[in-house]
Every structure is written in structure tokens, then in C-alpha cells.
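Chemist: Sequence:
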Amino acid sequence: MVTGPLNRTLLARGSHHLTGPFRYGPHTRPVPPVKGTIPRDAPSVYEVDSVNGRNGVATLTLDGNGSAINGNSGYASSGLSKQDFGKFVQFFRQASPYVEGHRGKTFVIVVPGNVSANRGLLQSIMADIALLHGLGVHLILVVGAQQQIDDMLKERGMIPKYVGGYRLTDREAMRIAIEAAGQIRTTCEQFLSKGPAIPMFRRHTKGDREVHFEPALRVISGNYITAKRRGVLDGVDFGLTGEVRFVLKDDIRRQLDSGNIVLLSNIGFTASGEVLNCNTYDVGLHAAAELGADKLFFLHLDEVAALNLPQWLPLSEAQNMLMQKLQNSISAQQMVALRATMDAATPPPAEPVSAYGAATSLSAAQLRTYQGMKREELVVDLDTWSAQGFPTAVSTCVVACCKGVKRAHLLDARIDGGLLLELYSRDGVGTMISADFYEGIRKALPNDLDGLALLLEPLEKAGNLVKRSREELADLIPSFTVIERDNRILGAALLLDLGQTPDGVTVAEVGAFCVDPVYSGRGDSLLDYVEQDARGRGIQRLVLLTTRTADWFEQRDFRWQGAAYASELLPLARRARINPARNSQLYVKNMEAPADDLTAPGKRIGF
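In UniProt numbering, the protein residues as written are 1 to 607.
No lab work stands behind these hints: they were computed from the structure. These figures come from a predicted structure and were not determined experimentally. Where a beta carbon is used, it is the ideal one built from N, C-alpha and C, also for glycine. Please note: incorrect hints may appear among the correct ones.
[Said to hold, decoys possible] What follows is a list of derived Cβ distance ranges for each label pair: (1) K154 / G536: 46 to 56 Å; (2) E554 / G222: 44 to 54 Å; (3) S96 / K461: 21 to 31 Å; (4) E471 / Q555: 27 to 37 Å; (5) E460 / G165: 53 to 63 Å.
[Unchecked claim] Taking lysine-lysine pairs in the BS3-like style, the calculated list, with each CA pair at most 25 Å apart, reads: (6) K228 / K161; (7) K467 / K443; (8) K105 / K249; (9) K228 / K249; (10) K87 / K589; (11) K589 / K443; (12) K105 / K194.
With these hints in hand, go ahead and build the complete structure from the sequences.
Modeler: Here's what the structure looks like:
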């Protein structure tokens, strides 16, 4: 038996009972209450009359294998139970750095037609969109209607026609595309217009006479997409199918700066006033690249989930994955052209500015290079990927990152609150593709000795680091991690295993941590790499002895514990080697237990 309150309870269709009572059917046509086994022809929406004294709506996703029930989503106004207050506060505190880091950033979120066709999923996504907007994020939504167009064509006795990855759009299909785009736009506006419950509104923000009944958010759409006909290719006339030339980025930016959400669709316009049916991924790519978006999100269903991608995929690895997929299916000339498209204007590795992964900015030179690119370079070859059965969302992410988008995310639309979890939790729930934050970071080798000594020498002379002889440094080489670029050592960090403290805690010391000033900004990547290494070795506590660089490490969760020589947080053997006259201060960072799927250093972001 399944009783409320309902929240992410997994059911197998036909094998469990519901108590409630429930009414199932579309919201506008409720049917009498039902109890018992979930029928095999059950609809996707159940209306809950009363579950544990609360009213709400339960949405079931019935895919033949299981049903996910989300109780009290979007309609109920029940408060948080007191038992969950602690978790709420803990999450809020952990999310606060991400809230500040994402404030004022520009995100493009692409919702393809197979996702927007599911009303329950779309409503949940729009609720998250509204929250992101309230947290200060500038949002551009690109909502597709491919499935809706196909369904409407079939309802009218017509067969959807495709060649490669492109629709053949005749006049009737174009009319249906316009109708479908209008319907989905109105549905999105409907969900984003819903405000908070009046009791909550009065308690926290307004007096009894100050309640306003205007839409919660302002959603702006218009003829922001400039397109051209795809034309006739290899004898095939694609009719009114369009390719995006560019988006009106300045006009979109003004709307974002005015506090509006911009909603784009699959409909584009030519300079002669012709209306064209464009590809949603093409629209999202142009919007993100031309506005210099900080993040590009693609929501997806099974087509991407089946790839089992890791949480983080460096851009170089993503490019190689795509090339390997096409290795034996296209000509060498096509391969060279495709690789050139992906390599063009690829920015150098991004340099994180904080340990929390706040988005970075392109330099002025990179921005000028990007702005000078031809718009034709921003074309996603849907034919190539369609022929391989490869998800367009993945290839579009790679092209977007090559064209200046800082980070692209692939996110399963069925994860309740997925956008929020991806953005405001440490590990996220999707796959992020970005420049390689760990490029050039590796374990030190014996032939790095000269470069390492050259890097450390100025800091040793200044008294910032303990002076070590060349022989001592050579003995420590296996414990060093370095940053190498152009055959130069530009950064280094030492990780020494100190054994256990009397209370059984395994401790390691971080030392000789430095980055060449000309390569500043890579310190976070280096520290993150070292921390991942420590977790993989079962280290429970990192310690740092320093006299000059405390502020930088304190901002990265190291906590001051007083004079090092007297601290019981260090093993006795290490305390015995400390010179009290130096008065080194001890900073400590406790390591979280490694996840079961902990990967090698440099293969994961988020700690």
C-alpha cells in the first residue's frame, strides 16, 4: 500500500495499491475517486482529494516499467515539516556560495519537444525556472515542439517527413508548426504566471491591502530569431525548414536587464518576412554563443541517459568521443572539416576564480576573436549525428563550448528539481562539458626537479616556504603534483602522508603550494586535484602549516587551529619536527568520505 504524503515514491504499474482517495484523469475532467491497483491504462495525472489531510496533485510518469509519484507539486501550499527544518537550513547554507556565484549570470535552457510535450514535466521545469529567476539568474528559454508537430500532423492524416536530421516543412506543416509553437509558448507563460499562495504572500511580503494579482513573472517572446531557408540539398527541397543565421542579441540582452525571462521557440523569420521552422538545438546554440552565455542546459530523456556519461566531461575528451563515433562513417575530408569546426575559436582552459566553481569570463582578446567569427561556423550538422543515431544535444554542447560558451550541461528532465540540484549542490545530477580545468596538472616526475627547484627558489628566499636542499627535493618528487605548460613547471603542491593521530584520524599535509604569477588563477584547480588524490588515498584530514598565505586557504574551507607545534590535531612525529621559533600556524580541512564512484584525480569537479 502507498499512502501520502507522496514524494518520489516508486511504483510498478499494476502491482501496488493507492489510498487517498484519488481521482485520475486530466485536471479539467476529473472522474470519480478510485482506490486499488493502478490500472494498466492509467492516465499520467492523478488528482489527490486528500492525502494525510493535505490537498494536492500527484503526477505519475508511466513508462511501462515504473511510475514516479510527486505529491503536492505546484498546487499544494503545505509547509515544510518541522522534522525537515535542519535539512532545509543545511542545504540553504551549502547552496549560498552557488547562489551568489550564479547571480547575474546568463543561462540558456533548451527544452526539446519530447520534454515539453509532457505537461507534468514542463510544469515542474517551469517551477524551477521561476525559482532561478528569483535568485537573480538571467534566463533564456528555448522550448521546442517537434513531438507536438508530429502528433498534430498524424491527427490530421499526414505523415511527418524527415531527411537526415531535418524536417521537410511544406505549407501545411508550417501552419501546424506555428500552431504548436503558439500553444507551447502559452503553456509556459501560464506556468510562469502562477504566483505564491496568498497565505504565504501575506505572511512574508504584503499587508492585507497590498496583495497584487499580476502574473508572477514577465515572459517576453518575439521575432528575435533571424533565419534563412535551408533550401535544396542533394535534390531535396526542405521547403520552409530554416537555419538560424543569428539572434537579436542586443534586444534580448535589454529584456534580460529589465528583469524579464526571454522565451524563444522553433519559429524564425527572414529579412523578407517569411516564417520558417527552425531546429530547437540550432536556436539554443546561437542564443548561447552570441550572447556569451555562462551556461547552456539541454534537458533530455532516454536518448542521452543511455550513454551513461560521467558527471564531468572535459571538452577535449568530448571532442575525441564524437570523432571516434564518426571515424568509420564519414570521409577523411569531412572529418578534417568537422574537426576544424570544433577546434575553431576554442578558448584556452578556463581558470576558476573560486573553489565553488563560479563561472569564468573570456579575456578581451578571446572575446574579440569570438565576435569576429563567421556566423556560418555556428551550424550543427544534424544530418551527420542523425545518421549515427547520436543525440544532437551532446554534439551541440561540444560545438557550443568550442564557440565560447563556458559550460554546457546535459540534464535528465525527469529528475525532480534537476536544474536546482545541478546548480546549487556540490556534485550536481547531470553531465557538465567544459574546458579542461586540470589541463597540464599531473604527478611530478624525476626530470621535473630543475623546474620545480626554479619555481620554489624565490619563495624559499622570501621565507614563505621551508628551504630544502636539492637532495631533499629529489626524495619528495613522488609526493609532488605539478602544473606543466610548454615544458615549464608553473605550479606545484606537496602532499605528504603523516599517518594517524592518537585518535585514529588519517592525516596528510599540504605543503610547498605555489603557482607562478603569470599563471595565476590555476590554484583552485591544483588544490582540487590534490584533494581528490587525498580522498582516493583514504585521507580524512588535510593540514597546512603556513605563516603568510592563510587568507587564500581560509577561503577554501581550511580552518585556523592555532600554533602548529602545540596542536594535538597533528601526529606526534610531525609535531616533533616543527620549529616553534617559526611560529607556523595550523590550518585544517576535514575531508568528506569519498563517494562509492570516486574517480581518479582530474576527472571530477565539485569537491
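Chemist: Hinted pair, alpha-carbon criterion (25 Å max): K105, K194. Please report holds or violated.
Modeler: 24 Å, holds
Chemist: Would you mind confirming whether the straight-line C-alpha gap from K105 to K249 stays at or under 25 Å?
Modeler: 15 Å, holds
Chemist: Given the hint of 46 to 56 Å, check if K154 and G536 actually sit that far apart at their C-beta atoms.
Modeler: With Cβ atoms ~53 Å apart, the hint holds.
Chemist: Does the structure keep K228 and K249 at a Cα separation of 25 Å or less?
Modeler: Holds, at roughly 17 Å.
Chemist: Range first: 21 to 31 Å. Now tell me if the beta carbons of S96 and K461 are that far apart.
Modeler: Given about 40 Å between the Cβ atoms, the range is violated.
Chemist: Taking 25 Å as the top limit, are the C-alpha atoms of K589 and K443 close enough?
Modeler: Since the Cα atoms of K589 and K443 sit roughly 22 Å apart, the hinted pair holds (cutoff 25 Å).
Chemist: Using the Cβ atoms, figure out if E471 sits within 27 to 37 Å of Q555.
Modeler: With Cβ atoms ~35 Å apart, the hint holds.
Chemist: Hint check: K228 vs K161, CA-CA at most 25 Å. Holds or violated?
Modeler: 20 Å, holds
Chemist: Is it true that the C-beta distance of E460 to G165 lies inside 53 to 63 Å, as the hint says?
Modeler: The hinted range 53 to 63 Å holds for E460 and G165, with Cβ atoms some 59 Å apart.
Chemist: Does K589 lie within 25 Å of K87 when you go C-alpha to C-alpha?
Modeler: Distance of about 22 Å is within 25 Å: holds.
Chemist: Is the gap between the beta carbons of E554 and G222 within 44 to 54 Å?
Modeler: The hinted range 44 to 54 Å holds for E554 and G222, with Cβ atoms some 48 Å apart.
Chemist: Checking one constraint from the list: CA of K467 to CA of K443, max 25 Å. Satisfied?
Modeler: Holds, at roughly 21 Å.
Taken one by one, the earlier hints fail for this structure only at number 3.
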